[in-house]
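Chains as they are written, first to last, in the working numbering: chain A, 1 to 356; chain B, 1 to 356.
Since the hints were made in silico from the structure, they are not lab data. Treat the hints with care, as some may be off.
Treat identical chains as interchangeable: a pair holds within one or across any two.
[As the list claims (entries may be wrong)] Within a straight-line C-alpha distance of at most 25 Å, the following computed SDA-like cross-link-like pairs (lysine to any residue) qualify:
(1) Lys261 to Gln251
(2) Lys277 to Ser258
(3) Lys187 to Leu114
(4) Lys19 to Thr262
There are 2 protein chains.
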Amino acid sequence: MKIIVDAMGGDNAPEETVKGGVLAASQSDYDIILVGKGEEILRVIEKEGYKELPRGIEIVNATQVIETEEDPAMAFRVKEDSSLTVALNLLRDGGGDALVSAGSTGALLSGATLVVKRVRGIRRAALAPVIPSTTGSFVLIDCGANSDCSPEYLIQFAYMGSFYAEDILRIQSPRVGLLNNGTERTKGTQLQLDTYGLLEKAKQEGHLNFVGNVEAKDAMMGACDVVVCDGFTGNIFLKSIEGTASLIMSQLKSVFLSGPKTKVGALLVKKDLSALKEKLNPDAIGGTPLLGISKPVIKAHGSSSAQAIANAIKQAALAADADISGKLSENAHKVGGQSKCNLNQRNCDQKKRGCI
Amino acid sequence: MKIIVDAMGGDNAPEETVKGGVLAASQSDYDIILVGKGEEILRVIEKEGYKELPRGIEIVNATQVIETEEDPAMAFRVKEDSSLTVALNLLRDGGGDALVSAGSTGALLSGATLVVKRVRGIRRAALAPVIPSTTGSFVLIDCGANSDCSPEYLIQFAYMGSFYAEDILRIQSPRVGLLNNGTERTKGTQLQLDTYGLLEKAKQEGHLNFVGNVEAKDAMMGACDVVVCDGFTGNIFLKSIEGTASLIMSQLKSVFLSGPKTKVGALLVKKDLSALKEKLNPDAIGGTPLLGISKPVIKAHGSSSAQAIANAIKQAALAADADISGKLSENAHKVGGQSKCNLNQRNCDQKKRGCI
Chain A
1 MKIIVDAMGG DNAPEETVKG GVLAASQSDY DIILVGKGEE ILRVIEKEGY KELPRGIEIV
61 NATQVIETEE DPAMAFRVKE DSSLTVALNL LRDGGGDALV SAGSTGALLS GATLVVKRVR
121 GIRRAALAPV IPSTTGSFVL IDCGANSDCS PEYLIQFAYM GSFYAEDILR IQSPRVGLLN
181 NGTERTKGTQ LQLDTYGLLE KAKQEGHLNF VGNVEAKDAM MGACDVVVCD GFTGNIFLKS
241 IEGTASLIMS QLKSVFLSGP KTKVGALLVK KDLSALKEKL NPDAIGGTPL LGISKPVIKA
301 HGSSSAQAIA NAIKQAALAA DADISGKLSE NAHKVGGQSK CNLNQRNCDQ KKRGCI
Chain B
1 MKIIVDAMGG DNAPEETVKG GVLAASQSDY DIILVGKGEE ILRVIEKEGY KELPRGIEIV
61 NATQVIETEE DPAMAFRVKE DSSLTVALNL LRDGGGDALV SAGSTGALLS GATLVVKRVR
121 GIRRAALAPV IPSTTGSFVL IDCGANSDCS PEYLIQFAYM GSFYAEDILR IQSPRVGLLN
181 NGTERTKGTQ LQLDTYGLLE KAKQEGHLNF VGNVEAKDAM MGACDVVVCD GFTGNIFLKS
241 IEGTASLIMS QLKSVFLSGP KTKVGALLVK KDLSALKEKL NPDAIGGTPL LGISKPVIKA
301 HGSSSAQAIA NAIKQAALAA DADISGKLSE NAHKVGGQSK CNLNQRNCDQ KKRGCI
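Just chain A, with the same shape it has in the complex (with noise of 0.2 Å):
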């Protein structure tokens, strides 16, 4: 198995990416290949005491990187040696068998769909990261790839979701909810009243094991293993996670510094506080799913530590060894929804892309 990473994006590139990438290989029997400027690459392998590159890991060299402001789809086309642009063509051309990246996640994506391209049949690329729930965790897919969404695009979320959830995530015959602003039947916008349709034919057909609509609240209480919702919706809903749980911490922390007796206390539920964080951390994942591409793509978060790239190449190992994208083309006649396409003109942004 070899996992090509990105060596230059994120926050912390090259030294965080290189160091997971050394810390994959140690715990492992991947191959890794770092993608960047050889030189930057191995002055962060020295200075973690190597004289010669570790077991497993390769470098593979790139002049330049796409810097987090630039115009993903811009940068992506204008920077033909970018550790981005090398590292998706091996991934393209059998160099690896899934790729990991802490970079702009606009190029990646459209990175991903122009070189990679998607599984035959599927319309978008989706972003998919696990969420914890109160009795294990979710599937939140789209959360953030397209902000305006047809019926179409979620009912094959939603396979994609489900795919994921049972191969990855090991669980049976997931429950799949669509993400709405109440239970009924009859809440949200167009959107929701179409997609709702389409998902109670693909579980009378026995495709997915739709729950019906679930609210933010209840999936967060673990009503259902997939919560599937338009990029823009999924956006608010994982950013106000993260907000919130920010928002909490940080006053946590000032419960617990405000006097002597409180400090005390905090050193007495320290250790198990921390596991707590720990489950709250998006190190612990590692990364995102982009699921629809034909090859396994992974989006680590833009300020991934070490450890955060090492949990996101095992990451892109097991979905390389799920072959989540095969299942993909093997259903492609249920995955593809219906035909018509229900955005309307204005909102609708497949032609200024070409897809329609």
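Since chain A is already given, all that's left is putting chain B on it; use the hints.
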């Protein structure tokens, strides 16, 4: 000042609503009109130890109750002698200065719109709860009244939220942010793109302190005082805050109960943790104003305690004092936004409701 309370609305009615009304009357010089089944209301008052009606309490009889599971619009029309209908008629006819209900949101929304009417020129009433942030709090508007929105609705929400923040929360020149999936000008769906332009224009004309797009996480970190969004997105935002808070609090409880050491730790921080819980407690604020209605209407949480009802009554009195509706009327020429509605026919729910 007279505040009308729908004594039969809410999960804990009439016990908590009546006790809340009595509590508010005992703590202030407001007169409270409890609307509902007279005998049941009197029974609660007697159980509280009163032998006659407490000072400041009036009862107006209504023989019917709207249940949460009923179709809101239908129930409101069919049950002409429901506590909500009688309370709304009373408000319209000048029998009180503001209304509080913990009953069905949908019934309150359609009832208030049909009976008390919207401020002239306002296209939609919106729910605008006050949400805690790391630096204080912000108004979230709309958080569930209108799933499908046009840019015109959103610019009106921005004005309504801004007036509320200024007059009730006492924030000078409130910073208005547009909830989006990124801060860049080009982010979001067509709705956000079009609304951005209108908000920018209102800023240039000196009417609104628009600070640009805000992400959900940054809103929780205090990026602005008013967060503007459609009701679908607002509902997802609010419910995920609630869900995350529940998740963390339940995990925290397990941490504290996990062993004798942590139990001692819990005792030491108990008091300060309660203060934190209070900050995140919907009861502490009490209610969500329904802005855009010609008289003050406050939706209290369905599971409101007596204290929450009392707080909602205080909030209703503040709203009546501040006369937000009057301010909206005075500023109708600014608040009107653009006259053309951007919703296409398919997504438009106005036609059904006879709005255009």
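Quick rundown of the hints versus the structure:
1. Proximity of Lys261 and Gln251 under a CA criterion of 25 Å is satisfied in both settings, with 17 Å inside one chain copy and 22 Å between copies.
2. Taking the closest pair of Cα atoms, Lys277 and Ser258 come within 25 Å of each other both inside a single copy (20 Å) and across two copies (16 Å).
3. In this assembly of identical chains, the alpha carbons of Lys187 and Leu114 lie at most 25 Å apart only when taken from different copies (21 Å versus 36 Å within one copy).
4. For a Cα distance limit of 25 Å, the shortest separation of Lys19 from Thr262 qualifies neither inside one copy, at 37 Å, nor across copies, at 35 Å.
Checked against the numbered hints given earlier, the structure breaks only hint 4 and satisfies all the rest.
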